[in-house]
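> Sequence:
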Amino acid sequence: MEINAGDVMLELRGIVKSFGNTEVLKGIDLTVRKGDFVTLLGSSGCGKTTLLRIIAGLTEPDAGEVLLEGKNICSLPPEKRDVNTIFQSYALFPHMNVAQNVGYALKIRGVEKSAILRRVGEMLALVQMEGSEKKTPAQLSGGQRQRIAIARSLINNPKVLLLDEPLGALDLQLRRQMQYELKKLQKQLGTTFIYVTHDQEEAINLSDKIVLLHDGGIEQQGEPNEIYDHPHTSYAARFVGNANILQGRIKRIDGGAVLLENECGTMFAAWDGGKAVPEDALTLAVRGENVVISREPAPDAALCGVVEANTFAGGMLRIPVRLCNGGEVIITRQGIHFDFSAGETVYLRWEPSAAVLVDREEAQS
1 MEINAGDVML ELRGIVKSFG NTEVLKGIDL TVRKGDFVTL LGSSGCGKTT
51 LLRIIAGLTE PDAGEVLLEG KNICSLPPEK RDVNTIFQSY ALFPHMNVAQ
101 NVGYALKIRG VEKSAILRRV GEMLALVQME GSEKKTPAQL SGGQRQRIAI
151 ARSLINNPKV LLLDEPLGAL DLQLRRQMQY ELKKLQKQLG TTFIYVTHDQ
201 EEAINLSDKI VLLHDGGIEQ QGEPNEIYDH PHTSYAARFV GNANILQGRI
251 KRIDGGAVLL ENECGTMFAA WDGGKAVPED ALTLAVRGEN VVISREPAPD
301 AALCGVVEAN TFAGGMLRIP VRLCNGGEVI ITRQGIHFDF SAGETVYLRW
351 EPSAAVLVDR EEAQS
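For reference, each letter of the sequence shown is one residue, going 1 to 365 in this note's numbering.
Take the hints with a grain of salt, since some may be wrong.
What the hints assert, rightly or not - In silico DSSO-like cross-links for lysine-lysine, where the CA-CA straight-line distance does not exceed 27 Å:
{"hint": "1", "residue 1": "K26", "residue 2": "K107"}
{"hint": "2", "residue 1": "K134", "residue 2": "K34"}
{"hint": "3", "residue 1": "K71", "residue 2": "K134"}
{"hint": "4", "residue 1": "K34", "residue 2": "K135"}
Said to hold, decoys possible - Okay, the calculated beta carbon distance ranges per label pair:
{"hint": "5", "residue 1": "T311", "residue 2": "N205", "range": "21 to 31 Å"}
{"hint": "6", "residue 1": "S141", "residue 2": "C74", "range": "20 to 30 Å"}
{"hint": "7", "residue 1": "S43", "residue 2": "C304", "range": "48 to 58 Å"}
{"hint": "8", "residue 1": "R249", "residue 2": "T311", "range": "29 to 39 Å"}
{"hint": "9", "residue 1": "A5", "residue 2": "L172", "range": "39 to 49 Å"}
{"hint": "10", "residue 1": "Q139", "residue 2": "N290", "range": "43 to 53 Å"}
{"hint": "11", "residue 1": "C324", "residue 2": "E65", "range": "49 to 59 Å"}
{"hint": "12", "residue 1": "G142", "residue 2": "G6", "range": "32 to 42 Å"}
{"hint": "13", "residue 1": "S43", "residue 2": "A125", "range": "35 to 45 Å"}
{"hint": "14", "residue 1": "G265", "residue 2": "G217", "range": "14 to 24 Å"}
{"hint": "15", "residue 1": "E65", "residue 2": "Q177", "range": "53 to 63 Å"}
{"hint": "16", "residue 1": "A169", "residue 2": "C324", "range": "27 to 37 Å"}
{"hint": "17", "residue 1": "F340", "residue 2": "K135", "range": "49 to 59 Å"}
Keep in mind the hints are simulated off the structure, nothing from the lab. By construction, the Cβ of each residue, glycine as well, lies at the ideal position given by its N, Cα and C atoms.
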């Protein structure tokens with residue numbers, strides 16, 4: 001989707017960064033709209049934190065530009081960039097109380113004491129921490145310290161707030177609660193947030209836009225539902241939603257649907273929109289929740305396999321099925337009950353529209 005120039009808050013152009021002989025960022029181009037919650041998602045070592053630090057001014061790029069509302073800020077020190085950063089450690093001053101921590105940025109700018117006290121009160125109310133002004137960080141829980149770090153970072157109205165895995169130290173229940181509160185706060189303020197995480201669930205829950213990084217580049221970017229439902233590569237399909245990746249050669253084309261056959265002679269369906277050519281070798285991604293399992297093969301297409309021991313986590317049942325070629329398809333279901341036993345032969349199928357074709361090269365990596 002094209003963005004009007006007046007709607008752009010941040011733009012990265014050709015950002016390159018190496019550490020020694022390792023090229024961490026390989027020419028990143030990214031546009032962030034005003035008021036959006038953008039998440040940099042990826043595994044450890046993909047470059048997401050390095051990119052965040054370059055925006056903040058804590059790391060210098062080898063090449064490229066960082067533009068804030070159209071102005072190149074690469075030559076500016078961190079304190080002059082009109083962006084603030086929250087780290088996982090929160091970095092609160094242990095010798096200062098809550099009010100002093102939150103108001104610190106205004107104090108060093110020479111703001112009058114009465115104005116600081118008023119603004120601190122406003123920010124503590126915003127993060128639901130009224131009455132905690134005199135407490136020290138040591139007297140606060142992890143979730144409370146995170147709220148104070150947010151209040152301190154927002155008190156001087158930065159144009160962009162950078163968040164480097166700020167929920168990583170919290171337990172799962174509190175983390176999910178804070179996801180909701182953080183998203184609500186961001187929309188209430190209208191501040192542009194750029195958030196770093198390796199957690200796909202967190203990225204989906206929080207983001208207006210996800211930027212999936214891989215091997216120093218942008219693998220795919222877009223709205224959460226776009227990346228989940230229409231991954232461009234098998235890496236994107238696996239990382240966001242843990243999709244099953246299968247390969248086959250086209251056996252038949254029926255309108256926009258294609259029927260693929262694997263080396264075992266088993267056929268399965270995918271949706272191609274009329275682009276496929278007979279005999280093409282293709283790779284598809286299908287989510288575990290879209291796989292239908294039965295004891296009898298479908299008349300036209302069904303993968304045969306054997307149920308392996310299932311596992312249960314987070315309200316979701318994960319059932320691996322071993323295929324005749326040694327591959328595996330993971331089926332997922334809500335709840336704990338499953339009508340098939342380990343060792344039982346089963347048949348798997350799905351609607352063509354539930355299987356997305358992705359690139360063959362990535363599926364082999």
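> Provide an ascending list of the numbers of those earlier hints which the structure does not satisfy.
Per hint list: 1, 2, 3, 4, 6, 7, 14, 15, 16 violated.
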